[in-house]
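If you use our numbering, the sequence shown closes out at 141, no skipped numbers anywhere.
Hints in this document: simulated from the structure, not taken from any laboratory. A few of these clues could be false.
[What the hints assert, rightly or not] Result set (DSBU-like, lysine-lysine): computed pairs, CA atoms no more than 30 angstroms apart in a straight line:
#1 Lys134 - Lys37
#2 Lys1 - Lys134
#3 Lys117 - Lys68
#4 Lys134 - Lys68
#5 Lys1 - Lys37
#6 Lys1 - Lys117
#7 Lys117 - Lys37
These numbers come from a predicted model, not from an experiment.
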Amino acid sequence: VQAIYDLVKFGPTAFNQSPLRVVLVRSAEGRERLVQHMSEGNRPKTATAPLVAILAADNEFHEEIPALLPHFPQAKDMFFAERPVRESSAGLNAALQAAYFIIGVRAAGLAAGPMTGYDAAGVQKEFLDGDHTPLMIVNIGKPGEDAWF
């Protein structure tokens, strides 16, 4: 997982905002909690995946802009003072990063199964701190004989 992160962490985003946050669900207890929020068809895949990642957009990403964009720290307030703008930008740029993450997982020789069939409000409440919007759940593991379904 660290190698995947190191591969994709500097993928381009607008203003270097990097709003993607990843929560890895490793424990059996965490997996049971997550499966309850998955749509019926996604439950078996999530229950049996070796690792599950919750990918979310941090709607307060702008607080990190002075560190991530040191030559233009005023971008934080100049462009992202209004919440609707932040939410839109966080969603778009976190989606870019989610694609980089999936490509990184596959580059590591693993299968990545992104899913959007889940109760987003339930996942947000159960697993995410602060002002984060869940984007997708990604099951991760070694490809099996029928890994793509």
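Results for each hint:
Straight-line distance between C-alpha atoms of Lys134 and Lys37 comes to about 13 angstroms, which keeps the hinted pair within the 30 angstroms bound. With a C-alpha separation of about 22 angstroms, the suggested pair Lys1 and Lys134 falls inside the 30 angstroms cut-off, and the hint holds. Between Lys117 and Lys68, the direct Cα distance comes to roughly 27 angstroms. Compliance with the 30 angstroms bound is thereby established for this hinted pair. About 40 angstroms separates the Cα atoms of Lys134 and Lys68, which puts this hinted pair outside 30 angstroms; it is violated.
Pair hint Lys1 plus Lys37 holds up; C-alpha atoms about 27 angstroms apart against a cutoff of 30 angstroms. As the CA atoms of Lys1 and Lys117 are separated by approximately 26 angstroms, the hinted pair is consistent with the 30 angstroms bound. Restraint check: the Cα-Cα separation between Lys117 and Lys37 comes to about 22 angstroms, which is no more than 30 angstroms; the hinted pair holds.
The structure fails hint 4 only (numbered hints given earlier).
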